[in-house]
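J.: These are the residues of each chain, in order.
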Amino acid sequence: MSDTLFEFLCRMGDNTLVLGHRVSEWCSHAPVLEEDIALANTALDLIGQTTLWLDLAGEVEGAGRDADKLAFHRDVWDFRNLLLVEQPNGDFGQTMMRQFLFDAWHLSQLTSLMDSSNAQVAAIAEKSSKEVTYHLERATDTVIGLGDGTEESHARMQAALNRLWPYVGEMFISDDVDTAMIETGIAPDPASLRPAYDALVADVFRAATLEKPQDDFAHKGGKSGKRHSEHLGHMLTQMQWLQRAYPDATW
Amino acid sequence: MVVEKPTLETVWAWLSAVPDPEIPVISLTDLGIIRDVQWQGDTLEVSVTPTYSGCPATTIINLDIETALRGHGIEKLALKRQLSPAWTSDWMTDTGRAKLEAYGIAPPQPAGGPQHCPRCKSTDVEKISQFGSTPCKAQWRCTDCLEPFDYFKCI
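The listed protein sequences derive, respectively, from chains A and B.
Per the numbering used here, residue 1 is the first one in the first sequence, and the count goes up by one each step.
Per the numbering used here, residue 1001 is the first one in the second sequence, and the count goes up by one each step.
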């Protein structure tokens, strides 16, 4: 039981960690100052949530690892994040499309987790959901604004959607870890979140004049850790370089 | 030697004098993030809830609480992080709201946007960005006096 709970908590924490790091890569590079600040704030929220998830994961594991150890002392094959969040930022439109596709799932996952049988999971979900509500609101507005914008911005948003849609399916696929979470009432069945997700994104794409790709093929292997994309390893060399160069350095 | 334990009222009064590190015009108790103070034997237990989970001020706040209470002679102190119920801007006191506005930050409103410009009081205001200089704030602008201002988000 504690093994599957540890896995589940790593999945939650690795999603927010990897996406938080990706979004932070925009710091000082965003198209306008307000967006720079918004991206940095979003990244900060995600990293804060990561601390809560991974500290709890370490506590459940009981091997003396805390959030920092889990974040900086694991390599690619131990990460359990969705493939979607490790995809490179691309242009601003692609970053915001990735954010929207993730936030829409993240908020409904957190809303379900607020009723978790595990009180600590429910408390983290309650805290995070307030922040993620803001993230989804902003990502939705931006996707609509850019999708239904100029010819150039529309084309970029459609290209971003085509590029990222194959990573959406993984959020709703379940495995043994999910089964254990469903049986113990800790987390919802991933597939149960799909109808509301599809309805939400359909509404937003309509408003954004974007077309959802017909093919629902889904890349997988991120949350199980079996097969990450090459991008995660490159990202970790940046994110973890200090701990790799100076193991256990503190200040 | 018998040391008298200060009453909880006294401890709350001490804590109400500790300023928020980011917005020093309001205190930690104005902000509503101190959720509980109690004695467990001879250890003083203080429960603190974060405003935003990634707020960098959280560690400074804990340090400030510890420094203040140690300064008043508290030797055994335990700081607890309380996540649930999650902090809401409704817990900010009326004094805290008034102080924020006087400082130029529009206080949180249930309607989701500022009531008026904290400088000229005009109600003609517009949102610049959902996010601002700290996780708890958004950027707005007054369309009358044209000054941009911070709005403390309602969560």
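Just so you know, these hints were derived from the structure itself, not from any lab.
Where a beta carbon is used, it is the ideal one built from N, C-alpha and C, also for glycine.
Just so you know, not all the hints are guaranteed correct.
[To be verified] Computed list of chain B residues with no C-beta within reach of chain A, every gap over 10 Å:
hint, residue
1, T1007
2, E1009
3, Y1052
4, S1053
5, C1055
6, L1083
7, P1085
8, D1090
9, D1094
10, E1101
11, G1132
12, S1133
[Said to hold, decoys possible] Calculated pairs, DSS-like style, for lysine-lysine (alpha carbon to alpha carbon, straight line, at most 30 Å):
hint, chain 1, residue 1, chain 2, residue 2
13, B, K1080, A, K130
14, B, K1121, A, K69
15, A, K212, A, K226
16, B, K1099, A, K130
17, A, K69, A, K130
18, A, K69, A, K212
19, A, K130, B, K1076
20, B, K1005, A, K130
21, A, K212, A, K130
[Said to hold, decoys possible] Covered by chain B, according to a simulated footprint, are these stretches of chain A (three or more residues, beta-carbon under 8 Å):
hint, region
22, 44-57
23, 204-218
J.: Each hint should be assessed against the structure and marked as holding or not.
T.: Do the hints match the structure? See the list:
Consistency note on T1007 of chain B: stated as away from chain A, and its beta-carbon is indeed over 10 Å from all of that chain's, at 30 Å minimum. Every CB of chain A is more than 10 Å from the CB of E1009 of chain B (nearest about 29 Å), matching its label as outside the interface. With a minimum CB-CB distance of about 6 Å to chain A, Y1052 of chain B fails to clear the 10 Å threshold, and the non-interface call is violated. A beta-carbon of chain A is positioned within 10 Å of the beta-carbon of S1053 of chain B; the least distance is around 3 Å.
Annotated as non-interface, C1055 of chain B brings its C-beta within 10 Å of a C-beta of chain A; the closest such distance is 7 Å. At the 10 Å boundary, the C-beta of L1083 of chain B falls inside the reach of chain A, the nearest C-beta of that chain being 4 Å off. Not every CB of chain A is more than 10 Å from the CB of P1085 of chain B (nearest about 7 Å), against its label as outside the interface. The claim that D1090 of chain B is not at the interface with chain A holds, since no C-beta of that chain comes within 10 Å of its own (minimum 12 Å).
The non-interface label for D1094 of chain B is consistent with chain A: the shortest C-beta to C-beta separation is roughly 22 Å, beyond 10 Å. The Cβ of E1101 of chain B lies farther than 10 Å from every Cβ of chain A, with a closest approach of about 22 Å, so its non-interface assignment holds. Once the 10 Å rule is applied to beta carbons, G1132 of chain B is inconsistent with being away from chain A; the minimum gap is 7 Å. Non-interface status of S1133 of chain B relative to chain A is broken: a Cβ of that chain comes within 10 Å, the nearest being about 7 Å off.
Proposed proximity of K1080 of chain B and K130 of chain A is supported: the alpha carbons are some 21 Å apart, at most 30 Å. Under the criterion of a C-alpha separation no larger than 30 Å, the hint pairing K1121 of chain B with K69 of chain A is inconsistent with the structure, at around 50 Å. In summary, the hint linking K212 of chain A to K226 of chain A is supported, as the alpha carbons are separated by about 28 Å, within the 30 Å threshold. Note on K1099 of chain B and K130 of chain A: the hinted pairing holds, with a Cα-Cα distance of about 25 Å set against a maximum of 30 Å.
Between K69 of chain A and K130 of chain A, the direct Cα distance comes to roughly 27 Å. Compliance with the 30 Å bound is thereby established for this hinted pair. For the hint pairing K69 of chain A with K212 of chain A, the CA-to-CA distance comes to about 39 Å; that exceeds 30 Å, so the pair is violated. This hinted pair does not check out: K130 of chain A and K1076 of chain B have alpha carbons roughly 34 Å apart, beyond 30 Å. The hinted pair formed by K1005 of chain B and K130 of chain A fails the criterion: a straight-line CA distance of about 38 Å is larger than 30 Å.
Note on K212 of chain A and K130 of chain A: the hinted pairing holds, with a Cα-Cα distance of about 28 Å set against a maximum of 30 Å. A stretch counts as covered by a chain when three or more of its residues have a beta carbon under 8 Å from one of that chain; for the region 44-57 of chain A and chain B the count is 8, and the coverage holds. Three residues within the 8 Å Cβ limit are the bar, and the region 204-218 of chain A against chain B gives 0, so the coverage statement is violated.
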